[in-house]
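S.K.: Chains A and B, in that order, are what the protein sequence lines are.
Following numbering that gives the first Met the number 0, the numbering of the first sequence begins with 0 at its first residue and continues without gaps.
Following numbering that gives the first Met the number 0, the numbering of the second sequence begins with 0 at its first residue and continues without gaps.
The set of hints was computed from the structure by calculation and includes no laboratory data.
Hints are supplied without guarantee of correctness; some may be wrong.
Stated by the list, open to error - Stretch by stretch, here's where chain A covers chain B in the computed footprint (C-beta under 8 angstroms, at least three residues):
#1 26 to 35
#2 51 to 65
#3 162 to 175
#4 183 to 197
All residues carry an ideal CB built from backbone N, CA and C; glycine is no exception.
There are 2 protein chains.
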Amino acid sequence: MKCMREGYSQQLESITHDLVVMTELVGVAITEATSALLDDNLELAQSVIDGDARIDQINAALEERCFKIAALQAPMGTDLRLVMGGIKIATSLERMGDLAVHIAKQVRLRYPSVSIPSDLSATFMEMGEAAKKIVFATGRVVESRDTDLADEIKSYDDTLDRLHRELFSAVLSDDWAHGVEAAIDVTLLSRFYERFGDHAVTVARRVIHIVTGEPYSK
Amino acid sequence: MKCMREGYSQQLESITHDLVVMTELVGVAITEATSALLDDNLELAQSVIDGDARIDQINAALEERCFKIAALQAPMGTDLRLVMGGIKIATSLERMGDLAVHIAKQVRLRYPSVSIPSDLSATFMEMGEAAKKIVFATGRVVESRDTDLADEIKSYDDTLDRLHRELFSAVLSDDWAHGVEAAIDVTLLSRFYERFGDHAVTVARRVIHIVTGEPYSK
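My request is simple: use the sequences and hints to build the entire structure.
M.R.: Here it is as structure tokens:
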């Protein structure tokens with residue numbers, strides 16, 4: 000019995016552990032994707048694209064494991080919310096990985112041309128910083144279940160939303176001198192970062208749901 | 000005991016039932032969003048935006064119910080896959096509803112101006128048709144678990160991908176005469192439809208997973 004309970008608590012811990020590993024891999028992905036974008040680095044872009052398979056694998060394996068724990072252990076309360084919420088958190092993290100890949104693919108598509116006009120580099124650098132911080136904060140909130148960190152995540156998300164609006168204005172201003180293709184590229188890229196932030200907020204809310212049991216609101 | 004088993008099978012049926020209702024509501028949403036887009040109809044756009052709350056509510060209620068079924072009934076095999084897969088299918092459908100809202104919000108943003116250049120109306124009409132068909136096919140696959148329908152879903156998705164590429168080419172061609180803002184609008188709108196199709200494919204794959212138990216691949 001003792002042995003089974005130990006197995007059970009290790010199984011639950013492994014969910015959290017895998018989610019934290021996913022945040023770390025997504026953190027690397029978005030950091031490298033931003034570098035690739037700023038430096039038009041094809042090799043780095045390809046590394047982000049190739050690296051996504053591992054995130055997908057962890058997601059799929061984690062899901063199967065959550066299914067098995069639910070079936071064999073019939074968890075209750077917080078444990079049940081972790082098992083089922085864990086699946087949804089993994090989905091969000093997997094989507095964040097995809098968004099990093101979208102950025103990297105944009106770099107690959109435009110290479111050897113530049114991906115973004117040089118006068119927007121500073122803004123994208125700031126977006127990349129906020130995206131990196133938000134995913135590492137997400138990892139901390141998943142690991143510690145310290146729901147106070149949700150405020151920090153919200154503030155990085157606000158930064159991403161603000162920069163997204165700024166880029167949108169830049170693209171539509173009369174001063175825009177880079178043409179239609181660059182306008183579309185910038186809009187899509189900016190949107191990828193903005194969506195990346197939204198998913199991090201969703202993860203934070205999920206963690207609050209696991210901890211408190213309060214109904215999950217989007 | 001008999002009574003409890005009846006209750007259990009009704010609970011499982013209610014998951015499928017709610018997912019089918021969600022596909023119907025999402026079907027209405029994408030149909031109305033497309034009409035609003037083609038006719039620059041603000042009222043219809045607002046109706047799509049307001050109607051999304053009901054889809055969100057069903058999603059949240061369904062998720063809570065799946066949690067409870069998992070906790071109280073400890074389902075196994077196909078039932079377990081339905082309970083846990085149901086949550087993920089609901090997430091995809093809820094996202095499809097959001098994409099219809101994104102389209103409607105774009106109409107509201109540009110109103111009383113037109114949302115799309117008139118020479119692209121036919122293409123967006125075709126996208127709207129394919130999106131409507133894909134979501135109704137999704138409803139049928141969820142209800143009947145007839146995995147052969149997955150091929151039909153795939154073919155609508157191929158149509159959406161093709162139209163998305165066509166619009167992208169139009170926007171970037173030398174003939175494009177509608178300026179940067181319209182180019183961005185068209186690209187984003189087209190992407191919303193394309194993503195809509197992707198989520199439908201994900202739902203179909205989830206249903207196959209429920210039926211066959213084969214590992215879920217994205």
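S.K.: Apply the coverage criterion to the region 183 to 197 of chain B and chain A: a residue qualifies when its Cβ sits closer than 8 angstroms to a Cβ of the chain, and three qualifying residues are needed.
M.R.: holds (count 4)
S.K.: Three residues minimum, CB to CB under 8 angstroms: does the region 51 to 65 of chain B make the cut for coverage by chain A? Let me know.
M.R.: This one holds; 5 residues, not fewer than the three required, reach chain A with a Cβ under 8 angstroms.
S.K.: Using a Cβ cutoff of 8 angstroms, are there at least 3 residues of the region 162 to 175 of chain B near chain A, or does the coverage claim fail?
M.R.: As far as the region 162 to 175 of chain B goes, the hint holds, because 3 residues have Cβ atoms under 8 angstroms from chain A.
S.K.: Count residues of the region 26 to 35 of chain B with a Cβ under 8 angstroms from any Cβ of chain A, then say if the count reaches three.
M.R.: violated (count 0)
Checked against the numbered hints given earlier, this structure breaks only hint 1.
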